[in-house]
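Colleague: For the sequence shown, the numbering used here gives the first residue as 8, with consecutive numbering after it.
Any given hint could be a false lead.
[Claimed, not checked] Here are the computed lysine-lysine pairs in the DSS-like style, where the Cα-Cα straight-line distance is at most 30 angstroms:
#1 K39 - K15
#2 K291 - K275
#3 K35 - K118
#4 K173 - K84
#5 K143 - K84
#6 K143 - K176
#7 K84 - K35
#8 K144 - K173
[Stated by the list, open to error] Now the in silico label distances, taken between C-beta atoms and shown as ranges:
#9 K35 - K300: 36 to 42 angstroms
#10 K217 - Q22: 15 to 21 angstroms
#11 G26 - S125: 52 to 58 angstroms
#12 K254 - R63: 45 to 51 angstroms
#13 K25 - K173: 24 to 30 angstroms
#14 D53 - N249: 36 to 42 angstroms
#15 D235 - E172: 22 to 28 angstroms
#16 E191 - R63: 43 to 49 angstroms
Hints are computed from structural coordinates only; laboratory data are not their basis.
Note that the structure is predicted; figures quoted are calculated from it, not measured.
Glycine included, each C-beta is placed from N, C-alpha and C at the ideal position.
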Amino acid sequence: MNLNTLSKDDLIQLQYEKGEVNITIEKKGANKALLKILNEVLAKKDIAINLVIDNREHSDDENAKGLDIAAFLPNLKRLSMQAVLTVAIESIEQLAIVEEITQLKIYGFIKNGISLQSIERFQNITTFELENGLNKKQQKIVDSYASLESLQVSELTLSSFTRKEKLTKLRIHKNLIDADQLAEVMPGLKFLSLERCKKISDFTFISSLKQVTELSIRHIKHISDLPDFNNPSIMKTVNFINSPNIKNIDSIFACTGLTGFMATELSKLNTADFSRLSELKNLKNVYITFKDKAENDRIQEFVERNGWEYRQPGLASQSQQSHK
Numbered sequence: 008m009n010l011n012t013l014s015k016d017d018l019i020q021l022q023y024e025k026g027e028v029n030i031t032i033e034k035k036g037a038n039k040a041l042l043k044i045l046n047e048v049l050a051k052k053d054i055a056i057n058l059v060i061d062n063r064e065h066s067d068d069e070n071a072k073g074l075d076i077a078a079f080l081p082n083l084k085r086l087s088m089q090a091v092l093t094v095a096i097e098s099i100e101q102l103a104i105v106e107e108i109t110q111l112k113i114y115g116f117i118k119n120g121i122s123l124q125s126i127e128r129f130q131n132i133t134t135f136e137l138e139n140g141l142n143k144k145q146q147k148i149v150d151s152y153a154s155l156e157s158l159q160v161s162e163l164t165l166s167s168f169t170r171k172e173k174l175t176k177l178r179i180h181k182n183l184i185d186a187d188q189l190a191e192v193m194p195g196l197k198f199l200s201l202e203r204c205k206k207i208s209d210f211t212f213i214s215s216l217k218q219v220t221e222l223s224i225r226h227i228k229h230i231s232d233l234p235d236f237n238n239p240s241i242m243k244t245v246n247f248i249n250s251p252n253i254k255n256i257d258s259i260f261a262c263t264g265l266t267g268f269m270a271t272e273l274s275k276l277n278t279a280d281f282s283r284l285s286e287l288k289n290l291k292n293v294y295i296t297f298k299d300k301a302e303n304d305r306i307q308e309f310v311e312r313n314g315w316e317y318r319q320p321g322l323a324s325q326s327q328q329s330h331k
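Make a model of the complete structure from these sequences and hints.
Modeller: Here you go:
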């Protein structure tokens with residue numbers, strides 16, 4: 008819901024709402040008096056705040072805009088910020104006034120290497136996402152978050168990241184350095200999404216992940232073989248998006264609990280290579296595309312014969328969805 012469409016009474020009633028509540032504050036900002044009421048509600052109910060920032064907009068006597076809004080919401084705990092248009096955000100120091108942050112997501116037009124010093128003290132952060140990080144200084148601060156459960160960043164160096172027992176969800180958009188150490192650093196990992204990751208030459212580290220149930224490989228064109236899974240019976244979804252050179256998917260057929268499978272832009276496989284998917288009795292959603300149009304027709308017929316839905320299972324099952 009949009010804050011500027013809510014009245015004072017609407018806001019007050021939110022503290023009695025059951026379940027998840029999300030409020031969006033648009034780039035034009037919000038009335039300061041309304042923000043103060045929202046802050047009182049935040050003291051009683053944990054509401055996720057989605058903040059859209061246009062750094063060309065500036066606060067005035069009546070309305071607070073951008074990160075100036077943090078001064079009026081010291082009780083917020085979950086913040087997702089999206090910087091839009093042409094003027095980059097160069098600092099997030101305004102967040103220092105907030106009492107405690109447990110979830111922080113930073114996307115959009117953000118200065119590369121932006122300092123995270125002002126949020127280092129938030130040691131109860133469970134979810135952290137930074138679209139264009141992490142450099143060494145940023146990683147050092149994020150590494151201090153002992154309660155981290157979900158991490159989404161562009162780059163991560165595992166050899167300088169301490170063991171994270173509680174972390175179950177990892178999304179990497181560009182590079183995962185020292186990937187062979189993943190099972191040791193994140194032993195409880197259940198969800199893994201890798202995008203691009205040109206520096207990973209060997210994907211056999213996936214076989215060491217004992218608890219993973221969801222795997223997504225996105226725009227990694229140099230991967231050719233899907234490694235065996237450590238515990239295939241617990242796998243729920245496997246997605247290969249624009250990974251055309253995959254030529255060996257035999258490990259999929261051991262995933263007896265698989266409910267969703269996706270593979271797109273394939274050039275090394277054909278419909279016959281997927282015939283054993285029929286053995287997976289829990290499979291519900293299948294979405295496969297080839298470079299060859301004739302193969303696309305054949306795979307759709309195969310999916311229909313098996314009674315599966317021909318749709319992207321990742322879209323149906325995604326929880327956080329990746330902010331794109």
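Colleague: Does each hint fit the structure? Answer for all of them.
Modeller: Hints versus structure:
Taking the CA atoms of K39 and K15, the gap is about 12 angstroms. The hint holds against a cut of 30 angstroms. In summary, the hint linking K291 to K275 is supported, as the alpha carbons are separated by about 24 angstroms, within the 30 angstroms threshold. Using a Cα cut-off of 30 angstroms, the hinted pair K35 and K118 holds, with the two alpha carbons roughly 21 angstroms apart. Using a Cα cut-off of 30 angstroms, the hinted pair K173 and K84 holds, with the two alpha carbons roughly 19 angstroms apart.
Among the hinted pairs, K143 with K84 is consistent with the structure: their alpha-carbon atoms are about 26 angstroms apart, no more than 30 angstroms. With a C-alpha separation of about 21 angstroms, the suggested pair K143 and K176 falls inside the 30 angstroms cut-off, and the hint holds. A C-alpha spacing of about 22 angstroms is found between K84 and K35, which places the hinted pair at or below 30 angstroms, so the restraint holds. Between K144 and K173, the direct Cα distance comes to roughly 22 angstroms. Compliance with the 30 angstroms bound is thereby established for this hinted pair.
In this structure the hint that K35 and K300 lie 36 to 42 angstroms apart at CB is violated, the actual value being about 47 angstroms. In this structure the hint that K217 and Q22 lie 15 to 21 angstroms apart at CB is violated, the actual value being about 41 angstroms. Look at G26 against S125: about 31 angstroms separates their beta carbons, and that is not inside 52 to 58 angstroms. Distance hint for K254 and R63: a CB-CB separation of about 49 angstroms, consistent with the stated range 45 to 51 angstroms.
At about 27 angstroms, the beta-carbon gap between K25 and K173 stays in the expected band of 24 to 30 angstroms. Between D53 and N249 the beta carbons are some 37 angstroms apart, a value that agrees with the proposed interval 36 to 42 angstroms. Distance hint for D235 and E172: a CB-CB separation of about 25 angstroms, consistent with the stated range 22 to 28 angstroms. For the pair E191 and R63, the supplied restraint of 43 to 49 angstroms holds, since their beta-carbon distance comes to about 46 angstroms.
Violated hints, listed in ascending order, are 9, 10 and 11; each of the other numbered hints is respected by the structure.
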